[in-house]
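Q: Chains A and B are the protein sequences, given in the same order. The first sequence runs 13 to 204 under our numbering. The second sequence runs 13 to 204 under our numbering.
Do not rely on the hints blindly, as some may be mistaken.
A pair counts as met if it fits within one copy or between any two copies, since identical chains are not told apart.
Unchecked claim - EDC-like, lysine to aspartate or glutamate: derived pairs with alpha carbons at most 16 angstroms apart:
1) K161 to D199
2) K161 to E195
3) K80 to E136
4) K80 to D32
5) K155 to E93
6) K38 to E127
7) K204 to E150
Hint data in this document are derived by calculation from the structure and do not stem from the laboratory.
What follows is each chain in one-letter form.
Number of protein chains: 2
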Amino acid sequence: MCRKRQIMSETKDKIVALADRLVRTKGFNAFSYKDISAPLEIKNAAIHYHFPAKADLGVEVVDQEMAKFHTQTSRWKNLPENEQLEKLTEVFRRHSKEGNICLMGSLAPDFETLEPAMQAKVQEMAGSIVNWLTQCLEQGRKKKLIHFKGTAHARALIIISNLQASLLLSRVMGPSAFRLIAEQLMDDLRHK
Amino acid sequence: MCRKRQIMSETKDKIVALADRLVRTKGFNAFSYKDISAPLEIKNAAIHYHFPAKADLGVEVVDQEMAKFHTQTSRWKNLPENEQLEKLTEVFRRHSKEGNICLMGSLAPDFETLEPAMQAKVQEMAGSIVNWLTQCLEQGRKKKLIHFKGTAHARALIIISNLQASLLLSRVMGPSAFRLIAEQLMDDLRHK
DNA sequence: AAATATACTTACTTAGTAGTAAGTAAACAA
DNA sequence: TTGTTTACTTACTACTAAGTAAGTATATTT
Numbered sequence: 013m014c015r016k017r018q019i020m021s022e023t024k025d026k027i028v029a030l031a032d033r034l035v036r037t038k039g040f041n042a043f044s045y046k047d048i049s050a051p052l053e054i055k056n057a058a059i060h061y062h063f064p065a066k067a068d069l070g071v072e073v074v075d076q077e078m079a080k081f082h083t084q085t086s087r088w089k090n091l092p093e094n095e096q097l098e099k100l101t102e103v104f105r106r107h108s109k110e111g112n113i114c115l116m117g118s119l120a121p122d123f124e125t126l127e128p129a130m131q132a133k134v135q136e137m138a139g140s141i142v143n144w145l146t147q148c149l150e151q152g153r154k155k156k157l158i159h160f161k162g163t164a165h166a167r168a169l170i171i172i173s174n175l176q177a178s179l180l181l182s183r184v185m186g187p188s189a190f191r192l193i194a195e196q197l198m199d200d201l202r203h204k
Numbered sequence: 013m014c015r016k017r018q019i020m021s022e023t024k025d026k027i028v029a030l031a032d033r034l035v036r037t038k039g040f041n042a043f044s045y046k047d048i049s050a051p052l053e054i055k056n057a058a059i060h061y062h063f064p065a066k067a068d069l070g071v072e073v074v075d076q077e078m079a080k081f082h083t084q085t086s087r088w089k090n091l092p093e094n095e096q097l098e099k100l101t102e103v104f105r106r107h108s109k110e111g112n113i114c115l116m117g118s119l120a121p122d123f124e125t126l127e128p129a130m131q132a133k134v135q136e137m138a139g140s141i142v143n144w145l146t147q148c149l150e151q152g153r154k155k156k157l158i159h160f161k162g163t164a165h166a167r168a169l170i171i172i173s174n175l176q177a178s179l180l181l182s183r184v185m186g187p188s189a190f191r192l193i194a195e196q197l198m199d200d201l202r203h204k
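All chains should be built: construct the whole structure from the sequences, respecting the hints.
A: Below you can see the structure in the form of structure tokens.
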């Protein structure tokens, strides 16, 4: 009758991974603890053991996403800026293929309904991404690898909102939407 | 003890108007009948009288939005295409000021959780907007009022996803995000 | 070997949620 | 004036949500 227990809690990692997927597919408010406990074959109290409140789970999901972003971008650090942008697009392309939307695209609509701690995390994440992209565009333009009009900051906002929304549009209009947007976006930056 | 009853149901209109606002501010799954019944000082059964299921209310909200879109665009029909685009941006600017996000931006993340009837409505809406914008861009380029690279369809997808996501980003990063994106976007189309 | 910490489960509470069946007051039509 | 439709309210159901208190088996430390 004895169910096996995980050593050093793989369970916690599985909960976060599944929560990440649920946030992207159903939205933070729309998924429930049952959506996690049922497939992992644990009780919902087990989730509360690791994450006392749902917001704690949400914060962890965002934290892990940010950590992933930082390790990825620092891995690209020595690439030419136009290739770094391709890498970024590649990340979104993968999400597109898996039917995921990005965390920002999922959490921003529900922003007002989130707890202050989660709101702060989401703002932090948005800031990090926009700052990185702004730097990347600025450096790339200096080296004449990338061409665009206006400030790097405004262009960064445009690009990130495009990638974000293209995943949303793809969900409604099919995967061709992402492809068309991403290709045109990269092409825009290639030429003067 | 007798509460007054509305003649010819202003109530129904009020329900839809409030639901529209709630979808944009909290999301379709995150708002409840209480969010409508409390401020309107009616019982939740009154909402069910007009809209048997929540999906019926959602469909009505999307329908009214599409009707509004059609009347607006047909009012601009005889304007030069670049001005029509300014008008479209103006619509989004107003939403930005009121802290609203657009219906697509709100419903697309929850798309998988919506009933088939609502999914179809959202797809219809996306199609309408993209088609109109594609036509507008194509005509505008022919008359040399608008300049852009690539196909009108790809450019339409880029612009609509920008406007959509700029409202999402604004919610997280503050209203300057919308301003910067909208200005740069319009500037991009003005020059060769 | 005993005490303690870890990682859960069992069983429950509280507070919602959408939705419904039956009743009612007013407006309208015959 | 009677019957019917409209626009609700009252009072409820069935269900699901997040969250909690207390118990338990295993692993780790002393």
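Q: Are the hints correct? Go through all of them and say.
A: Hint by hint, here is what the structure shows:
In this assembly of identical chains, the alpha carbons of K161 and D199 lie at most 16 angstroms apart whether taken from the same copy (14 angstroms) or from different copies (9 angstroms). Taking identical chains as interchangeable, the C-alpha atoms of K161 and E195 lie at most 16 angstroms apart only when they sit on different chains, with a minimum of 12 angstroms there against 18 angstroms within one chain. Taking the shortest alpha-carbon separations for K80 and E136, only the intra-copy value of 14 angstroms comes in at or below 16 angstroms, while the best inter-copy value is 36 angstroms. Taking CA atoms no more than 16 angstroms apart as the test, K80 paired with D32 passes inside one copy only; the shortest distance there is 13 angstroms, against 36 angstroms between copies.
Only within a single protomer do K155 and E93 lie at most 16 angstroms apart by alpha-carbon distance; the minimum there is 9 angstroms, versus 36 angstroms between protomers. Taking the shortest alpha-carbon separations for K38 and E127, only the inter-copy value of 13 angstroms comes in at or below 16 angstroms, while the best intra-copy value is 18 angstroms. Taking the shortest alpha-carbon separations for K204 and E150, only the intra-copy value of 15 angstroms comes in at or below 16 angstroms, while the best inter-copy value is 22 angstroms.
Hint compliance for this structure: every hint is met.
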